[in-house]
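K.L.:
Assembly of the complex is requested from the two constituent chains, each provided in isolation within its own frame, with the hints serving as guidance.
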Amino acid sequence: MSDESKGGAPKKLSTKDILAAARAQAAGGAAARSTPEPEPAETAAPAPATEKPAAKPAAGKNPTSTADILAAARAQSAGGAAPAPAAESAATPAAKPKPAAKPAGGAPKSTADILAAARAAAAGKRAAPAPAAADAGEKPAKKERPAAAPAAAETSDGPKLSVQEMLAAVRPGGAATAAPGATAELASAHAPAPAKPAKPVAPPMPAKPQPVAAKPPVPAPAPDAGRRNVVLAMIAAPFALIGGLFSSAFASAWTMLAATTGIATLATARFMLPNVLTEPPLKFKIGPPADYDLGTVATKLVAQYGVWIVHTDQYKGKNVIYALASVCTHLGCTPSWLEGERKFKCPCHGSGFYITGINFEGPAPRPLERVGITLGPDGMLEVDKSLKFQEEMGQWSDGASFYEVVG
Amino acid sequence: MNPHPDLTPDVIRGIGWLYLLLFAMNIFWTVRSYKRQESVGRLAAWAMYTVMLGVVGVAHVTVQSGSEQFLIRMPVWFKTLIDAGAKPQYYFALSIALFAAVVWLREQLVKPTVSWLILNGMVLFMTLSMTDYDFRQIVGKPDNVPIVSMLFIVAFFTWLYFKRAVDNDQRIAAGKPLFEQEDNEKVLVWPDLVYTEMICMVILTAILVAWGIVLQAPLEEPASASRTPNPSKAPWYFLGLQEMLVYYDPWMAGVVLPSMILVGLMALPYIDFNKKGNGYYTFNERKFSVLTFMFGFLPLWIGLIILGTFLRGPNWNFFGIYELWDVHKLVVLNNVNLSEYFWTWMGQPLPVAEAGSSKFLQIVMILKREWLGLVLVAGYLGALPMVMAGTIFRKFFMRMGFIRYMVFANLVLFMACLPIKMVLRWAFNLKYIVAIPEWFFNI
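Respectively, the protein sequence lines represent chains A and B.
Going by the numbering used here, the letters in the first sequence line up with residues 1 to 407, in that order.
Going by the numbering used here, the letters in the second sequence line up with residues 1001 to 1443, in that order.
Wrong hints could be hidden among the right ones.
Claimed, not checked - Pairwise CB distance ranges, derived in the manner of DEER restraints:
(1) B/R1399 to A/F250: 56 to 62 Å
(2) B/V1263 to A/A290: 55 to 61 Å
(3) B/I1213 to A/E279: 53 to 59 Å
(4) B/V1423 to A/T278: 45 to 51 Å
(5) A/L338 to B/G1121: 46 to 52 Å
(6) A/G295 to B/P1229: 26 to 32 Å
(7) A/T278 to B/V1352: 27 to 33 Å
Claimed, not checked - Within a straight-line C-alpha distance of at most 30 Å, the following computed DSS-like cross-link-like pairs (lysine-lysine) qualify:
(8) A/K16 to B/K1359
(9) B/K1359 to A/K316
(10) A/K300 to B/K1359
(11) B/K1186 to A/K385
To be verified - Here chain A is said to cover these stretches of chain B; the calculated rule only asks that three of the stretch's residues, wherever they fall, bring their Cβ under 8 Å from a Cβ of chain A:
(12) 1225-1238
(13) 1305-1316
(14) 1328-1341
(15) 1426-1440
Treat the hints as calculated values from the structure; they're not laboratory data.
Source: prediction; values computed, not measured.
Glycine included, C-beta positions come from ideal geometry on N, C-alpha and C.
Only chain B is shown next, with the shape it has when bound in the complex (with noise of 0.2 Å):
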C-alpha cells in the first residue's frame, strides 16, 4: 500500500514553495544578521540555512518525476508518537503548559531571534507536515484555511503583546519614561490614519477576491433534517461553543455560558478596579487581568477552536494531526452521572419514585436523587466565592465592595466550570454533576 497517496508532483511543488518562502524569509534574516555586524558564527548559521532551504526548496519546485528522493518527509515515529499522545486531555493539558510556558519565559520569548527561530520551526513544521496525507487533507481544506492563518496571526499578536509589555515593563523597572510617551506614535486621522486604512482595505480586498477566485467555497449536498454530516462542524469561529457542548447539556453551554462569556466581557470596565496600564503596554502591572483575559482567549477559547477544526472527526471522536479519519475508530466510553456514582456507592438503587405516585413525591424523589449534585452546584456558586473572599480574593474583595466583587466571582467561576468539568470527564468519566432530564435541567 502507498502510504503517501496523493503525493503528485504537484503536491510536492506546492511544499517546494514552502521552503523558497522560508528561504525568502531567511534571506532577509540574514542580511539583517550582517547589517547588525552579528559575530561571524552566527551570520554563517544563517547563511548556510538560508542557502540549504533554497535548494531544498528549488529541488522540490523544479521535480518532474521520481520526486520521492528529493522528499523531506516528516518522520514515521514522529508521527506515531503524535497521534499516539491523541486525546483531549493531553491536548488541553499541552495548551495551559504552552499557555503558561508563553508567560514564564515571556522575556526570553520576545527576543528577536528567539522569535525569529520560532516562527521557522511553526512554518518548518507545518511543511514537513504536508508530506503526510491525513494532515493534508485537514489543513488544506478550504474551510480551514483562515483557521490555519489565524493559528499565525493569534501568535504574532501575542508575540507583539508580550514584546511591548516586556519592554515597557523593564522601563517602569527602570524608572525610564515609557515607549509610549518616548516614541509617541500619535498621528492626524487625516491623512495619515485614513491612508493606512484605505490601503488595508485595498490590500484586503484584493486578497478576498484572490481567496475567493483559488479557493472554492465548500459546498456541502444540501442540507436534510434525516441526514447529519458526519462529522459534523460548526462554523469555525463557533467551534469553541461546539468543544463546550460535549461536556455540558446544550442549555449550559449553548445558553448560559455564551450569555456570561458576553455578559462577562461587558462587566469588565466596571469591575476593573486597577487604574494603571491605561494607554501603553504592561504586563507586571496587571498580571491578574490580563492572565485570566489571556486564560480564557487562548486555552479556552483559540485552544478549543483549533481541537475542533483539526482533531476533532468522525462521529465527535479525537483524532491525531496524522491519523486517518476513520468512521469506525472505537474509543471506549461510558458516562455516568453523579447521582448514580453516589448511589452505586452508598450500595442503593436510585430513588425513584413509585409509578402513579403524586407530583410532589415525584418532585421530592428527584430532589432526593440529585441532592449531591444541588448541593455541590450551590456551594460552587453561593459558598465558594465567600471563601474566596476571605482566602484568594481578599484584596480584591476589600477593594471591590461586596456587590461588584460578587459579580467578579460568578464570572470567574462560570469561567472556570468549562475546564473542571473536562477534567471531571476525562478523569471519571463524570456525565452530569446534576441531571435531572426529566426538567431538561442538567449541569
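In isolation and in its complexed conformation, chain A is listed as follows (with noise of 0.2 Å):
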C-alpha cells in the first residue's frame, strides 16, 4: 500500500487509491482513528465514512492549486457550511497547534493554510465525524476498520506534502520547507506504520521529545564560599550521582541493567567456589595391598570413585597393584569388568581391553589411563585420582603409576 515511498513525483491515482478510498466510504459510521503514524508532530483528522474521496482529480502539475481545490472541496463536503479558505476564521481547537499561524513560504502556504483552516473547521464540530482531507491511497485498504484518513496534503498528486511538513507549515514560524525529498522519506516512515485505535478526539500536539541524555548532575555551588560549599558538594556529590543515574526512563534502565548483570556475574562466580564439595575426594584410601588377590579386578570402587583396582603380573612381568579409572578412552563410556572373559568390555561401541588395561579390540585408540597408588606410612594403599598416567605416552613406568608388591 505505500505507494509513498516512490517519492514525490507527480503521479496518477492508482486503482488500489481509490478501491482503497471506496472501502473507507464503506466503512461507514465506524469511529475513526488517529492516522497511523509514528511521528509525535501528527494530528489526526478521523475519516468520515460518508466522504468520497475517490475520484479525485490527478495529477495536477502544479501541486498547491490541485491541494488547495481538494481541501476546499473536502472541507466543503464534510464540514457542510465550513468554507474553504477560511483559514484565518477558522476557530482554533484545543487539539490543534495553531493552525491559524502564518506559514512562511510559497507553494506550500496556501495548501497548509487551507488544509489547517478546514481541520479547524472540522475539530470544531468534533463531534461528528470531521472532514480530512482523506488520501485514499494513503489508507491502508486491507485494514478490517475504517482506515484514518492521513494527511491532506497527500492527497496532492504532486509532491506530496507528509503531516510533519504541513505542520511544521502552520507552525509559528515554522521553516516549512516542504522539500519533495524529505517528504519522499517522511511519507515512507509514515506508511507501513500499524493502526491505532481510534480516539475521541484528535491529540494534542505532542512536546517535543525532550533529549535523553541523562541531565547533568546537581551543579556544585561556586567554589567561592570555601570550605562549606566543599563539604555541600562532597554531600550533594553522591545524590547528583545517583540522580543522573536515574534521571531519565532509558537512564533507568541501563542502570538496573547493569545492576543486575553485575550482580548475575558476582553469584556465577560465587557459585565456582561451593560450600560442600558432594564429589568423592580425589585422593582416597583403599586398604592394605593384601586385600588385591592377585590376577584380580576390584570392581567395588567403581561406583563412587570410578576407579578398578586391579593386581596382576602380566604386564611386563612385574607383580604389581595399579588403579585404572573407569573411563573407555574412546568416549568415555564406563565399561564392564566381564571376570568370564578376562576382559574390561566397553557397552557403547564395544571397545575391549585386556586386564592390564592395553586396548584390543574395538575403537578405543589407546590404552584405560592408570591413576596415582601409593604405599602410605600406615600401609594403606592410597589413590590419587589428579594424577594420570597414559601407557602410550610411556608413563606407565613412573614409580607413583603402581605399587609393586614384593614377596
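P.N.:
So, in C-alpha cells, the structure goes:
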C-alpha cells in the first residue's frame, strides 16, 4: 500500500487508491482513529465515512492548486458550511497547534493554510465525523477498520506533503520547506505504521521530545564560599550521581540492567566456589595390598570413585597393583569387567581391554589410563586420581602409577 | 524349557490383530481386482488368500486357552539360518545388495501387484517373527516403535519415488509430456493446502496422544557417571553415528564425518550442474545424483539405524534378530593398527623414541612409525581426486571446473570412507590406518 515510498513524483491515483477510498466509504459510521503515525507531530483527522474521496482530479502539475482545490472541496462536502479558504477565521481547537498562524513559504503555504482551516473547522464539530483530506492512497486498504484519513497534503499528486510538513508550515515561525525528497522520506516512514485504535478527539500536539541524555548532575555551588561549599558538594555529589543514573527512563533502565548483570556475574563467580563438595575426594585410601589378590580386578570402587584396582603380573612380568580409571578411552563410557572373558568391555561401541588395560578390540585408540597409587606409612594403599598415567606416552613406568608387590 | 516364554494368549491375540489387519488390506485388494476385471484365476487367488488370513486372524483373536495349536510359528530352521548369518559384514553386504536390486528392478517393483506382494511379505514377516520371544523383546520395546514404523515409511517413500520416476522416464522415452505437466497437481494454498495441513495436524496429534497414553516413556534408572547401561544406545536417529563410531575415532566419526554430511548436503545445489529433473520425478536423467544420495541415505544411514536398533546387543556385539541378548556372548576380535601390520611385516619392532629423548625426535619417530598410513590418507584425499578427474569423473571435471570438482570429489571420498573402513575392519581386523594416540589423532 505504500506508494509513498516512490517519492514525490507526480503520478495518478492508482486503482488501489481508489479502492481504498471506496472501502473507507463503505465502512460507514465506524469510529475514526488517528493516523498511523510514528512521528509525534501528527494530528489525526478522523475520516468521515460518508466522504467521497475516490474520484480525485489527478496528476496536477501544480501541486498547490490541486491541494487547494481538493482541500476546499473536502472541507465543503464534509464540513458542510465550512468555507474552504477561511483559514484565518477558523476556530482553533484546543488540540490543534495554532493552525491560523502564518506559515512561510511559497507553494506549500496556501495548501497548509487551507488544510489547517479545514481541520480547524472540522475540529470545531468534533462530535460529528470531521472532514479530512483523506487520501485514499494513504489508507491501508486491507484494514478491517475504516482507515484513518491521513493528511490532506498527500492527496496532491504532485510532490506530496507529509503531515509533518503541513504542521511545520502552520507552526509559528515554522520553516515550512516542503522539499520533495524529505517528503518522500517522511511519507515512507509514515506508510507502514500500524493502525491505532480510534481516539475520541484528535491527540494534542505532543511536546517536543526531551533529549534522552541524562541531565547533568546538580552543579555544585561556586567555590567562592570555600570550605562550606566543599562539604556541601561532597554531600551533594552522591545524590547528584544517583540523580544522574536515574534521571530518565532510559538512564534508569540502563542502570538497572547494569546492576542486574553485575549481580548475576558475581553470583556465577560465587557458584564456582561451593561451600560443600559432594564429589568424592581425589585422594582416598583403599586398604592394605593384601586385600587385592593376584589376578583379580576389584570393581567395588567403581561406583563411588570410578577406579578399578587391578593386581596382576601380566604387564611386563611385574607383580603390581595399580588403579585404572573406569573411563573408556574411545568416548568415555564406563566399561564393565567381564570376569569370565577376563577383559574390560565397553557397552557403547564394543571396545575391549585386557586386564592390563591394553586395548585390543573395538575402536578404543589407546589403553585405559592409570591413576596414581602409593603405599602410605600406615600400610594402606592410597589412590590419587589427580595423577594420570597414559601408556602410549610411556608413563606407566612411572613409580607413582603402580605399587609393586614384593615377596 | 519352554521355547516360547511369554507367548501368552494376549500376545497371540495381538498377533491375531496383525492378521486381521492383513485381512482388511487384502479385502480391499480383492475388491480392486474384481473391479478391474482381472482374470478369474487371479481373483480367486486373492480371494482365497484373504479368506485364509481372515480365518487365521479370527482363530488367533478368539483363543482363550490352548492357543498353541492355532499358532503359526516362524519355523525354527529359518530362525537358525538368520541367526547364523548374523554378522555385520553379511548385513551390510545384504543391504547393499538390496539397494542395488531395488534400483535394478525398479520397473518391476513399482507394478501394483508386485509392490502389494512386497508389502504383504513385510507385514507377514513381522507377524510371523512376533511369535519369537527375542524378536518381540526388541521390536516391542517402546523405544523401537518409531523405527519399526520408519521401516515402512522409508520403504513407502522410496517406492513412491521410483513409481513416479519410472513413469516419467517412460514418458520421456515415448516423447509424451511429463506426469507433472499432464496431471498438474497445482492447487491453491487456501483452502486446499491449509485444509490438508490442518487435517494432517489433527490426525497426527491424535496419534501422538494415543501413542503417549498407550506406550509408556521408556525411562531408565537415574543417570550415573560410573554406570553405563549395557547396551548403551544413542537416540534412534543417531544410531547411524554410533555405528560409525565403532569404526572410527570419536574425533573422526563424531566431528569430521557429521560435519561433512551437513556441509555436503548444503553444498549439493552448488555442486549439481545437471539442470534436468527440476520439478519432476526422474531417475534416468539424474542417475548419478540419485544413486549417490540414495546410497548415502539408505544403506549408510537408514541401514545403520536398523543395524544399531535391532542387531546390536550387550557389549555392542552383533546379534541376530531371533537371538538371545547374551551379555557373555564371546566374539573373538583383535584389532590391529596398520602400522603394527606394516612393521611386523617388515620384521622390525615399532619405531619408538628412547625414553627421555627430545620432543623433536619423538615427533620424528611417531611420523616414521605411521608413515604408511599418513601417505595412504594423503593419497586418498589428495591424489585420488586427480586420478578420478582423469578417469571416471572426466566429464564431471570438465563441467565443474577445478574448485567445484575438488569439493565434489572430497565429499564423495568422505562418504566412501565409511564403507571402506568397515570392510577393512571386517576383512583385516584393521583398527586405525593412522594411529597416533599421543596426539589423539587416529584415522
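K.L.:
If you test the structure against every hint from before, which numbers come out violated?
P.N.:
Structure breaks hints 3, 5, 7, 8, 10 and 11.
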